[in-house]
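Number of protein chains: 2
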Amino acid sequence: MAKMNPGFLNLKKSYLFIEIGRRVKEYMTAHPDNRVIRMGIGDVTQPLAPVVVEAMKKAADEMGVKETFRGYEDSGLGYDFLREAIAGYYKSYGVELPLDEILVSDGAKSDCGNIGDIFSADNSVIVTDPAYPVYVDSNVMGGREVQYVNSTEENGFAAMPDENMQAGGLIYLCSPNNPTGSVYTKEQLKVWVDYAIKTKSIIIFDAAYEAFISDPDLPRSIFEIEGARKCAVEICSLSKTAGFTGTRCGYTIVPKELMIEAPDGTEMSVHQLWTRRQGSKFNGVSYPVQRAAEAVFTPEGLKQTRETIAYYMQNAKVMADTFDELGIKYTGGKNSPYIWFKCPDGMDSWTFFDKLLNEAEIVGTPGEGFGKNGDGWFRLTAFGTHENTTEAMARIKALLKK
Amino acid sequence: MAKMNPGFLNLKKSYLFIEIGRRVKEYMTAHPDNRVIRMGIGDVTQPLAPVVVEAMKKAADEMGVKETFRGYEDSGLGYDFLREAIAGYYKSYGVELPLDEILVSDGAKSDCGNIGDIFSADNSVIVTDPAYPVYVDSNVMGGREVQYVNSTEENGFAAMPDENMQAGGLIYLCSPNNPTGSVYTKEQLKVWVDYAIKTKSIIIFDAAYEAFISDPDLPRSIFEIEGARKCAVEICSLSKTAGFTGTRCGYTIVPKELMIEAPDGTEMSVHQLWTRRQGSKFNGVSYPVQRAAEAVFTPEGLKQTRETIAYYMQNAKVMADTFDELGIKYTGGKNSPYIWFKCPDGMDSWTFFDKLLNEAEIVGTPGEGFGKNGDGWFRLTAFGTHENTTEAMARIKALLKK
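Chains as they are written, first to last, in my numbering: chain L, 13 to 414; chain B, 13 to 414.
Accuracy of the hints is not assured; some may be wrong.
Below, simulated SDA-like cross-link-like pairs (lysine to any residue); rule was C-alpha separation at most 20 Å, straight line [said to hold, decoys possible]:
id : chain 1 : residue 1 : chain 2 : residue 2
1  : L       : Lys-25    : B       : Gly-291
2  : B       : Lys-25    : L       : Asp-276
3  : L       : Lys-202   : L       : Lys-212
4  : L       : Lys-242   : L       : Lys-25
5  : L       : Lys-341   : L       : Gly-168
6  : L       : Lys-78    : B       : Pro-62
7  : B       : Lys-78    : L       : Glu-399
8  : L       : Lys-25    : B       : Asp-86
9  : B       : Lys-37    : L       : Glu-85
10 : L       : Lys-37    : B       : Gly-83
Honestly, the hints are just simulated from the structure, not real lab data.
The following block holds chain L by itself, in its conformation from the complex (with noise of 0.2 Å):
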């Protein structure tokens, strides 16, 4: 009989954000006039910016005529006019890229999922806890072990490499972070390259909520970091950057100087192995899709996608302003879409979601299911509109001030 992959059994039961919806669908159910605010998912609500739409609907009347047709992409690894949007915008605070080394798929999920395909089952894994499931998950469908490092209270969410990890393999991070949006100085980076060259792992960098970040001093990229290019790659998304959630757009650096070990001790490109993997079981990101893209990082559009982000980042203050107000501890919600913050009276953060679901017609995340040291803590996302979170946090003051 066909036989399953075994990994799938090492996976937790439902994936968070699906268990997360079950409840809520069940709560509305129960409650069908009630309001509910939605501040788990982190999805957008502002609308794509004028000029992505505009050059959205110039691509679809192009494949609407025979002498502007796009079919098959010769690489299928993205057009040299998003990449080179891409390198440009790089560029723009100080990293330089080749255009081959930009690797543009339909998201940063399907990267950091897909990406697994290259390595061996036998690597080691690192993951900080707590973290995206993506990570963990794609790793246990891979047959892979997966190591934590802690990310806690006492180091600010953001881990560091730990004597104790069986390291040599492949490290997570993601700087600004999901769930805690924290994020890594350059001198904390430089750390965890510097462990990665002497290790010889790959960091798989999670860049997906860089635009957020406002402070000119920390790092938007690995690659600002020395020698990232032999220990890194980095995967970013528009999804935040520029409301992409459902128009799916997002791309990987993979510097061709970034080596692996084959199985005779050799050493392999991994950008080599990864274009190979794309160019087998991918065929490239949808026209429209990648002219709308490639709208984002023009002057105009940058222009407009930062206002949206300070629409965002205007929420996440009136967030952090609610947080300072009830003395309870926070991180993020500067340089982050996210708040991460404790669980009053020690309350688990299934508990907790619970009680915001039930008492303050609220849906967050609840930390714990992003590993265990996120048990306690609690996500609540910038992403809704300024009505919303403003209702929200008023409904959150009268809920804990009780």
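Following the hints, complete the assembly by docking chain B onto the known chain L.
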């Protein structure tokens, strides 16, 4: 040191279409003034249908307005509006599908490649030879050994179960076939379905070319065959149906009664495994692309896309007439956009590729790129323009009548 997936070392050195691209580029660099006609990569040339373009533009506009903006899809597995459209299409030729068995993706290539994630490395894999390279490459990457069943001139390039096969794992079938253009009859598919049930195998049925079937007696879907719901998954795409090669949308049908063996000998639902894989490593198809896909299945969309298919099938007829006139043996050209013909004078297929490129400036696909039984055979596609197809056939006549 981080270790690569050793499966990649077992891949053939270069992906077929990349090698073709390399040779064509080399030729064109040496002969910049010449006029090469591309009939190699199975890419389309006709624009998207007007209703499809309009639907995409309308959806892009919705994305630019707060009230109608769409972020993450709840499931990431396809909006109901598109699943309903696909279900309606299947129903039009007699196949009833519950909506949640229709799983939308960014294309058949992604699904063909990614579905390997849910299977263990020790499954037997049966692939017809010749076949679309993704079936083999994705399994080789997954560490699975591939057995071949022969498609040959003798069986009309429609491989049937073979007594020597070690079955009981995965079986990849494609009908109408890429590259040979052969189409399984209902009786032939029934033999495969019975065989899969008997050996407890799972058929991965690639129906990417179903829209080219005009003979009402030929099956468009494996689910027209009794028993298929117990043993098959069907992967389909709008790439050829509606010219979505650069727009990217496909879908996979996974019946809920389809089971697979778990390590403890119990049975697991394939539907559950695939939705979990997609839930963890994929985040849905771009909303405007899903609206564009929905438009394909409207009465006006079907009318417009069928006109384009008729245009391509007119090309196929011109090609078939040419090979008839030359007395060259071929399959396909009816119910299929591919013509698969025997290389003249016993030439091997890469030699004929170079001859056709150098002496007639036509790019085709050497059959050997699809497997050893493809050697001595050659694939041409009907996806060009009338002008180019007619011109190419004139050149082939001039070349081969010499």
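Hints and how they fare:
no., hint, result
1, L:Lys-25 x B:Gly-291, "holds (12 Å)"
2, B:Lys-25 x L:Asp-276, "holds (17 Å)"
3, L:Lys-202 x L:Lys-212, "holds (15 Å)"
4, L:Lys-242 x L:Lys-25, "violated (37 Å)"
5, L:Lys-341 x L:Gly-168, "holds (11 Å)"
6, L:Lys-78 x B:Pro-62, "holds (12 Å)"
7, B:Lys-78 x L:Glu-399, "holds (13 Å)"
8, L:Lys-25 x B:Asp-86, "holds (18 Å)"
9, B:Lys-37 x L:Glu-85, "holds (15 Å)"
10, L:Lys-37 x B:Gly-83, "holds (18 Å)"
Checked against the numbered hints given earlier, the structure breaks only hint 4 and satisfies all the rest.
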